[in-house]
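Once you have looked at the hints, place chain X on chain U.
Chains as they are written, first to last, in our numbering: chain U, -5 to 124; chain X, 4 to 392.
If you're looking for bench data, these hints aren't it; they were derived computationally from the structure.
Just so you know, even glycine gets a beta-carbon here, dropped at the ideal spot from N, CA and C.
Treat the hints with care, as some may be off.
[Said to hold, decoys possible] Residues from chain X shown here face chain U by an in silico Cβ test under 8 Å; the list is partial: (1) 39; (2) 144; (3) 207; (4) 255.
[To be verified] Here are the computed lysine to any residue pairs in the SDA-like style, where the Cα-Cα straight-line distance is at most 25 Å: (5) X/366 / X/184; (6) U/24 / X/366; (7) U/105 / X/262; (8) U/99 / X/201.
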Amino acid sequence: MKPVPQITQLTRPYWDGAAAGELRVQRCAKCSGRSLYARPWCPFCWAPELTWEKVSGRGDVIACTIVTQAPYESYARDGRYAIAIIKLEEGPQMMANIVNCPLEKVKVGMKVGVVFEKRGDITVPQFAPL
Amino acid sequence: MAHDTAIAGIYEMKPGRYPDLNPIEMYYQVLSGAIAQWGIKPQDVDGLFTTPAGMAVGAADIATHEKLGETLGIRPIISETLYAGGASFGAMVQRAEAMIRAGLCESILCLGAGKFGKVGTGGAEVLARMASEPNFEFPYGTYIVSNYAMVASAYMAAYNVPREALARVSVSQRRWAVRNPDSIMGPKGELTIEEVLASRPICSPFNMLDCSVPCEGGGAVLVTTAAKARRLAKQPAYVLGFGEAHMHSSISQAESLVDTGAVRTARMAFAQAGLTPADIQVAQLYDAFSATPLILMENVGLCGRGAAPDFVMSGATDPGGSLPTNTGGGLLSFGHTGDASGMSVLIEGLRQCMNEAGNRQIKKADIGLIHVYGGMLAEHATLIVGREP
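Looking at chain U on its own, in the form it has when it is part of the complex:
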């Protein structure tokens, strides 16, 4: 199986969100800043009052690559695959594979939306063209 995250108390709301079909980011109650990945405080003002908030799941690919030589066996079985950095409409950036899309169509600037992939008991966010 492909690698899965080790879920901790801090990161659980993110992965619970994915399992429920929601992409979540952290939101600061003091400065309203939104951030990823999971932190105990806001990276903009250091306030500890963070909540998890559902976001639209839409964003832009700001960087991408088509991997021909995979780093480990579970991905090598896929043949070529796409990885991208996505800037969400709400601001935070994250990494994911681009799925449900011919590889030659994966480009910087493309609009994508979140989809979810089950890996055993864990659900990981992925992105597909909008």
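Structure of chain X alone, referenced to chain U:
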């Protein structure tokens, strides 16, 4: 900056594969060569900086400084294992100079030595885990090449960079490697853009010949007072300006993939030196992949934004060009010496400054720029070095 400190000695072992040496013994190999070449004794050194032995093979030893101090039979006043990836070695020189200037000690030995797991022996997965956020990035099949390939994609999209420009970086650096008897790839002869484009695809846009060549190696730099440096070296190197910046950790969290921390560090270094990019005669720009020298060249101001591809395509960075760059062949063709890669980049810059570059010596190398970075473009150091204080 007060120029009461200088670099008095540089030494680098020949890069290659050293199956009989364990990670700490790689440092012994470096030290044996440095001691013999510089002719120094235990009483000549009262400080030691080293990177952790065994980092790139997944067995980092954070007490490397203790072991090396004991093996050397010295009792230094200052001794540390520090780590900022490829930027470690810039940081070492800066810290050594600050401490010497403050009168805390007189001579600090800065060391780096690296193993590099052979491709296909599980080494790729070890490095992949180091290169990625373990829970939010690694599950997506990331590794070092894919992360830098993404950086390249952002840069290429921002300025409509042709694929050939990346390949041309590899071509330029191979031309330098051919002139460097210690380089790994020099013996293979010059390269063409077509050969780079025809080499095996790894992660778009990178093919095999866009990637640095994994090998093992290491080096040493002696930082001391200017007075002592003038006794030890025919031509000491003076650090005229320095800048350091620590940005993100995970590549997906970079505030910009195109304007890296090098923009800040170069600004700091030029301000401190009282110089401008037009003063730079030779440059060393850390090149784990073919795209990074293009990005760094623009970031540090040696080219305007988006101008590096044309600049490199014109031959400006080649032997005989207007801005000789990565003059030892760089990590692409000299070899990526594992944990010591930043040391290799630093030493080539110092070698040109100290007039020790043999048949690839640049005549006009009075002012040089060295940029090293660590992690996923995370940690940056720029040094401007000169022949006069």
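How the hints compare with the structure:
1. 39: violated, 40 Å
2. 144: Hint holds; residue 144 of chain X Cβ to chain U Cβ min 4 Å, cut 8 Å.
3. 207: With Cβ-Cβ at 4 Å, under 8 Å, it holds.
4. 255: holds, 4 Å
5. X/366 / X/184: holds, 19 Å
6. U/24 / X/366: violated, 59 Å
7. U/105 / X/262: holds, 23 Å
8. U/99 / X/201: Status holds; Cα separation ~22 Å.
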